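J.: Sequence:
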Amino acid sequence: MAKKIHAGIDKLDDYDRFLLETLIQQAEKTAGKTLSLKEKQKMADDFFAERPRAGKGHLGRGRKGRPPRNLSADGAQESADFHWTPGVPLRKVQEAQRRNRNMQTGHPPSEPHTAKK
Numbered sequence: 462m463a464k465k466i467h468a469g470i471d472k473l474d475d476y477d478r479f480l481l482e483t484l485i486q487q488a489e490k491t492a493g494k495t496l497s498l499k500e501k502q503k504m505a506d507d508f509f510a511e512r513p514r515a516g517k518g519h520l521g522r523g524r525k526g527r528p529p530r531n532l533s534a535d536g537a538q539e540s541a542d543f544h545w546t547p548g549v550p551l552r553k554v555q556e557a558q559r560r561n562r563n564m565q566t567g568h569p570p571s572e573p574h575t576a577k578k
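Residue 462 is where the sequence shown starts when you use the numbering used here, and the numbers rise one by one after that.
One should not assume that every hint holds.
[Stated by the list, open to error] Distance condition first, Cα-Cα at most 25 Å in a straight line; then the derived SDA-like pairs of lysine to any residue:
#1 LYS490 / ASP506
#2 LYS494 / THR483
#3 LYS490 / LYS503
#4 LYS472 / GLU500
#5 LYS472 / ALA510
#6 LYS472 / ALA492
#7 LYS503 / GLY469
#8 LYS499 / GLN487
#9 LYS472 / LYS503
#10 LYS553 / PHE543
#11 LYS503 / ARG527
#12 LYS472 / ILE485
#13 LYS499 / ALA468
#14 LYS499 / ASP477
#15 LYS472 / THR483
#16 LYS494 / PHE479
#17 LYS472 / GLY493
#18 LYS503 / PRO528
#19 LYS503 / ASP477
#20 LYS503 / PHE543
#21 LYS499 / ASP474
#22 LYS503 / GLY526
[Unchecked claim] Computed beta-carbon distance windows for the label pairs:
#23 GLY526 / ASP474: 15 to 25 Å
#24 THR495 / PRO528: 23 to 33 Å
#25 PRO528 / THR483: 28 to 38 Å
#26 GLY567 / GLY526: 50 to 60 Å
#27 ASP542 / LEU496: 57 to 67 Å
#28 ALA468 / SER497: 13 to 23 Å
Since the hints were made in silico from the structure, they are not lab data.
Since we're looking at a predicted model, the values are computed, not measured.
Beta carbons: idealized from backbone N, C-alpha and C, even for Gly.
Kindly generate the complete structure, drawing on both the sequences and the hints.
T.: Right, here's the structure in full:
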């Protein structure tokens, strides 16, 4: 592709240059003839109009890293939905659940098993 087509072609990165060349080749294939210089210039103008970032490299195309924290209007951090607590043995969790169930149903708490004499 000649540099006469558009002034910004030399500023295009490899991907954008390939994309523009492919678009011109497809247009030539569908037309069944080679496009004139004016038709190629019109396609290049349309390409630069549709892709405002074309020719500007990859700077600013995507952000890397974490997004900033969202703070409320007064600057205080919003409360989290989940608060981590250290782990406990499953036996203690099951005992607490059993105790809560018994309190809700009205059953007396079960006595620990002791050996009968």
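J.: All hints, please: hold or fail.
T.: Going down the list of hints, with the structure as the test:
no.	hint	result
1	LYS490 / ASP506	20 Å, holds
2	LYS494 / THR483	15 Å, holds
3	LYS490 / LYS503	17 Å, holds
4	LYS472 / GLU500	21 Å, holds
5	LYS472 / ALA510	15 Å, holds
6	LYS472 / ALA492	28 Å, violated
7	LYS503 / GLY469	13 Å, holds
8	LYS499 / GLN487	16 Å, holds
9	LYS472 / LYS503	18 Å, holds
10	LYS553 / PHE543	21 Å, holds
11	LYS503 / ARG527	41 Å, violated
12	LYS472 / ILE485	18 Å, holds
13	LYS499 / ALA468	14 Å, holds
14	LYS499 / ASP477	20 Å, holds
15	LYS472 / THR483	17 Å, holds
16	LYS494 / PHE479	20 Å, holds
17	LYS472 / GLY493	30 Å, violated
18	LYS503 / PRO528	40 Å, violated
19	LYS503 / ASP477	16 Å, holds
20	LYS503 / PHE543	57 Å, violated
21	LYS499 / ASP474	23 Å, holds
22	LYS503 / GLY526	39 Å, violated
23	GLY526 / ASP474: 15 to 25 Å	23 Å, holds
24	THR495 / PRO528: 23 to 33 Å	48 Å, violated
25	PRO528 / THR483: 28 to 38 Å	34 Å, holds
26	GLY567 / GLY526: 50 to 60 Å	56 Å, holds
27	ASP542 / LEU496: 57 to 67 Å	59 Å, holds
28	ALA468 / SER497: 13 to 23 Å	18 Å, holds
Checked against the numbered hints given earlier, this structure breaks hints 6, 11, 17, 18, 20, 22 and 24; the rest are met.
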